[in-house]
Amino acid sequence: MTAITPATLLELYESMVTMKLWDQTALRLLQEGRVLAGYHSGRGQEAIPAGGVAPLRRDDYLMYAHRGFGYTIAKGMSLAAMFGDLMANTAGATGGLGAGIPHFADPELGILGQGGTLGSCFGIATGAAFSARYRGTDQVVVCFFGDGTANRGAFHESVNAAAAWKLPVVWICENNGYAVSVPAADSTAGRIVDRAAGYGMPGVRINGMDVTEVYRATCEAVDRARAGEGPTLIEAMCHRFRGHYEGDPQVYRTEEETERLLALDPITNLAARLVADGIATEEGLDELEARVQDTIDRAVEEASSAPMPGPERLFEGLYV
Amino acid sequence: MSQATATRTLTFSQAIREALREEMERDDRVFVWGEDVAVYGGIYGATAGLLEQFGPGRVIDTPISETMIVGAAVGAAITGLRPVAELQSSGYFGIAMDEIYHKAARWRYMHGGVFTVPLVIRLPEGAKGAGPEHDVSPEALFLSASGAYVVIPSDPADALGLMKSSIRDDNPVLFFEHAGLYAHRGEVPAGDHLVPLGEAAVKREGSDVTVIAWSRMVGESLRAAAQLEAEGIDVEVVDPRGLRPLDLDTILESVAKTGRVVIAHEAPKTGGAGGEVAAIIAEEALEYLESPIIRVASADVPIPQSRYLQQFLIPTAASVTEAVRRLD
Ligand SMILES: Cc1ncc(C[n+]2csc(CCOP(=O)(O)OP(=O)(O)O)c2C)c(N)n1
Ligand SMILES: [Mg+2]
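First to last, the sequence lines map onto chains A and B.
The first sequence begins at 1 in our numbering and counts up one residue at a time.
The second sequence begins at 321 in our numbering and counts up one residue at a time.
It is possible that some hints are incorrect.
Unchecked claim - Only some residues are given here: those of chain A computed to face chain B with a beta carbon under 10 Å:
#: 1; residue: Cys121
#: 2; residue: Phe122
#: 3; residue: Ala128
Stated by the list, open to error - Examples of chain A residues lying across from chain B (beta carbon under 10 Å, computed):
#: 4; residue: Tyr61
#: 5; residue: Gly92
#: 6; residue: Leu97
#: 7; residue: Pro107
#: 8; residue: Gly110
#: 9; residue: Gly115
#: 10; residue: Gly116
#: 11; residue: Ala125
#: 12; residue: Ser131
#: 13; residue: Tyr134
#: 14; residue: Ala164
#: 15; residue: Cys219
#: 16; residue: Ala227
#: 17; residue: Gly228
#: 18; residue: Glu316
Everything labelled a hint here was simulated from the structure, so no lab data went into it.
Note that the structure is a prediction, hence the values are computed from the model and not measured.
Glycine is no exception: its CB is placed at the ideal position from the N, C-alpha and C atoms.
The following block holds chain A by itself, in its conformation from the complex:
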């Protein structure tokens, strides 16, 4: 099993803290009316994007999901560009097309973007993995998706092809138990991880609230993919702390349920472990948090000063 060094643990912690503070800041901007469309908070699920992206190289490919902005934060996307997209202004990576649901990309960082129709990630991930092998590189693709998204037919077509062709993909399902309001138990037959056996590929179900489990499982899957041994399915069991979107009345679950979840916070739990194991001190972690908040504040400031796009933006970049 992959040993995780203290330095890596601290990096994973910082990555998750960045996601949490990003989320807090996004919620503040939303309250201030500076975000022009919906936002799907990723609070509670930070261990999965942190542990699932950290094992990647810069040139590895990322297909991210809609749950927070953690995946692209971890892959090194410019914070200011992401805030610009959130505010739909010209600081955004899309130059003003963006808003609450991220549709930005950065080919230099292997960030391939996101479709708004759930499940379109699957085909694109398979194609990017095919492309990596075709071009003779050893790049790997990591594709994140929710438990609800796993029920799209595109999952079968793309996961089958990637497995049949032994393509370098790591499929990471974030099973938070809900697709908007519908519990996975009511919509999903069997365990998602068990589908891996049907495609003849390894599958692991892990505790997605523990970043070390996510990191380890992903490292192993990435190594296998890079070695030409084909795809892996990781089912990371997790909990979403907030509503599906901001403003979700959450009539489908009780307040007690959401309150109980807070004890499972992947960030506070890791902080306690870092302190208990002597890897960090509480003051040290506080300093880290202050430093990250400062970075985020500066990114917001940078993004805020950008103008909104003019109507000509509508006609740019459609055709080559």
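Based on these hints, arrange chain B with the ligands on the given structure of chain A.
Structure of chain B with the ligands alone, referenced to chain A:
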């Protein structure tokens, strides 16, 4: 210069294959995938021999997974390759519609222009006796898919030249091939024959009536024109060779010259692209019209599998001559 003027005789299907072969020889990033395209050579023979020449790494049989065929082709296109993906029938568009309409056409735009999507999707269309789902001509469905080009050749020379240009273009191209044309023979210029996208062809010059037709209806319209010539009616046949980019200049120039318009396509009239072309002419050139525009198209019913019944539904040269005679 004998090279440039020399020709060779190819079927429409061979022309597609030659285009694929030439572009695969020219550019290592070009590959072909779809159902039965490799060992079998494509059900219309349009990829025959490519596996032997380029090997299984570049000529790939896929599972029956149209969503994946197009979706993964988009993934390959945004990461440096130039896929030519075949749907065995354009009738399967619905299975890949999200991938065509939202992914191939929009991935570049919606991500702020940071990608190109150099992808060709081959879509065999048209009546052939395979039933209401297979025999469709669904090109008009993609009129609103801004971001994607819609290219439709009507003869072997254009099939070759348009396919080569489509493969070299950095925009996604939906390439419609009428299944009834695959066996048609025609002269194709030798050498590197490229037909620019978005350039209409005046397939026959005439001064009395403009027939705007594409795909199989171009040949039918040319036959109609030959017949009408004997009656003293001089018909111009304009083939836009696709719907996007649309060569409005050539269309409007012809309309200004003749003042009479028939639009002919095989798809049903309602929701067919003839409606869009007619609307553009009405907006841009109404003052030239001496007679109402007439659309020649299939009736608004599903296409039966029976070839016997198809003869009463699918427009032919006779439908075009009849329409032209009805003009004022
Ligand atoms: C094809 C498609 N169907 C429905 C939606 C609307 N929608 C957006 S998110 C969502 C729930 C997704 O659930 P899951 O995949 O479990 O991810 P989670 O939101 O729980 O992170 C739905 C139904 C969509 N965007 N695309
Ligand atoms: Mg879910």
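Out of the numbered hints, which ones does the structure contradict? As far as the earlier hints go, 15, 16, 17 are violated by this structure, in ascending order.
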